[in-house]
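Modelling step: build the complete structure from the supplied sequences, incorporating the hints.
Chain by chain, the residues:
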Amino acid sequence: MNRSTIDLWVGIFVTLGFGAILFLALKVGNLTNVGSTPGYRIEAPFDNIGGLKLRAPVKAAGVAVGRVEKIRLDPKTFQAVVTMKIDNGYEFTADTIASILTSGLLGEVYIGLDTGGDTKTLAEGGRITKTQSAVVLEKLIGQFLFDRAADGSGK
Amino acid sequence: MPVAEIGNGVVRVLRRVGAGTIDMIARLGYAARFFGAVAWNTPAAFRRIHLTLREIYFSGVLSLVIILVSGLFVGMVLALQGYDVLNRYGADDSLGVLVALSLVRELGPVVAGLLFASRAGSAITAEIGLMKTTEQLSAMEMMAVDPLARVVAPRFWGGVISMPLLAALFSTMGVYGAYLVGVRLIGIDPGAFWGNMQAAVDVRTDVVNGIIKSVVFGTAVSLIAVFEGYVAKPTAEGVSSATTRTVVESSLAILALDFILTVFMFRGVA
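In the order they appear, the protein sequences are chains A and B. Going by numbering that gives the first Met the number 0, the first sequence opens with residue 0, and the numbers climb by one from there. Going by numbering that gives the first Met the number 0, the second sequence opens with residue 0, and the numbers climb by one from there.
Hints were generated in silico from the structure; no laboratory data involved. Cβ atoms here follow ideal geometry from the backbone N, Cα and C, with glycine treated the same way. A portion of the hints provided could be inaccurate.
Stated by the list, open to error - Sample of chain B residues at the chain A side, in silico, Cβ under 10 angstroms: (1) Tyr56; (2) Leu102; (3) Ile160; (4) Val174; (5) Tyr175; (6) Leu179; (7) Val202; (8) Arg203.
Said to hold, decoys possible - Example chain B residues on the side facing chain A (calculated, C-beta under 8 angstroms, incomplete): (9) Ala25; (10) His49; (11) Ile55; (12) Gly59; (13) Val60; (14) Leu63; (15) Ala99; (16) Val103; (17) Leu164; (18) Leu168; (19) Gln197; (20) Val200; (21) Val206; (22) Ile210.
Structural data, given as structure tokens:
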């Protein structure tokens, strides 16, 4: 096997290999969603975050506008404080309501933002005060049973 | 049975265990020093870059066919089996996620590594072992050519460079195979297939960690292959047992390293 043939084949192999890595990054992994997209961070306290996880999407009107970056427990208020990174270009009013929602019955948990009518907008480090916690199915069922029992005893 | 005889038996067993342990540690130490020597001789080997290119050709390009075909079939089977289970829960749309995550995180690096160890690793060991048997390595030393720089380092680096590329090609073919079966054959919506996959696969935690895994496996397999060849007994039997050891040790090393890497990479990732 002479040298230029080997060089050619190695060239083809290396190009194919890097093409495959590029395919995995762009087509399979969607590089545009990687954390390096420029954005600003806002916080929101929730009484209960349910099954919210890191990197869960933040959606406004169903459109993904950012991701959950950090979840921690406030030791004073015992509320979960969720830090979200919102992509630059999207602005939300200061009275925006953040709620924890689930897509479908078993789908992923995400944060939905419903914007209000305030003229001020949230900037880096901003805080959403109006939040709606995750619906915990067990509590809902408990509530339902309790209501039924209360109805029954009233009759 | 007299007590003295039992005592002798116990001593014999203990002695054998001790000898085995010392042998193992000595071998490990020799392997580590050998690795250092290969690294030391790398600049000299890279000064004649065509030697390394030649080895990339032998271990990378010639492994292409088996890697591509295996990747395609693994992807197709994953899609068929995954669809069977996901369909029971009405989660057909997650097929792309299942296939892509399994391939990129685990199957790509591991299966490509196992194939690489048996296809290229065994060949490297046999080649170096035979060179030693026919005293070509000694002849090189006589001519003041260091066999580590001339023979061992190019083969080592050829394997290290080829392995991640082969693993990436394996994963790519697997995803394509899953696309063929899932979308074309079964009829899952292509938008859901690719869309859910892209939403779930993270470049940093999944793709990059998969590549890191394949680099580690490539290094381990190449090192084991050149080491076993280099220390093989210079007989026909010695070369044959060295080749067998390469495949066995590489496969075990890949599986053990995979477990360790997975614990560090994916523990706590949602």
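Does the CB of Ala99(B) sit less than 8 angstroms away from some CB of chain A?
5 angstroms, holds
Does the closest beta carbon of chain A sit nearer than 10 angstroms to the beta carbon of Leu179(B)?
At about 15 angstroms, which exceeds the 10 angstroms cut-off, the nearest Cβ of chain A leaves the hint on Leu179(B) violated.
Holds or violated: the hint that Arg203(B) contacts chain A, with Cβ atoms closer than 10 angstroms.
6 angstroms, holds
Given hint Gln197(B) near chain A, where the shortest CB pair must fall under 8 angstroms:
3 angstroms, holds
Interface hint compliance - Val200(B) to chain A, C-beta minimum distance less than 8 angstroms:
It holds, given that the least Cβ distance between Val200(B) and chain A is near 4 angstroms, below 8 angstroms.
How about Tyr175(B): closest beta carbon in chain A under 10 angstroms, or not?
Cβ of Tyr175(B) sits 9 angstroms from chain A, so the hint holds.
Do the numbers back the hint for Ala25(B), that is, is its least Cβ distance to chain A under 8 angstroms?
38 angstroms, violated
Please check whether Val60(B) passes as an interface residue: C-beta within 8 angstroms of a C-beta belonging to chain A.
5 angstroms, holds
Using 10 angstroms as the Cβ threshold, decide whether Tyr56(B) counts as touching chain A.
It holds, given that the least Cβ distance between Tyr56(B) and chain A is near 5 angstroms, below 10 angstroms.
If you take the shortest Cβ to Cβ gap from Ile160(B) to chain A, is it below 10 angstroms?
8 angstroms, holds
Can you verify the interface hint for Gly59(B): is its Cβ closer than 8 angstroms to any Cβ in chain A?
5 angstroms, holds
Was the hint right that Leu102(B) lines chain A, CB cutoff 10 angstroms?
9 angstroms, holds
When held up to the earlier numbered hints, the structure conflicts with 6 and 9 and fits the remainder.
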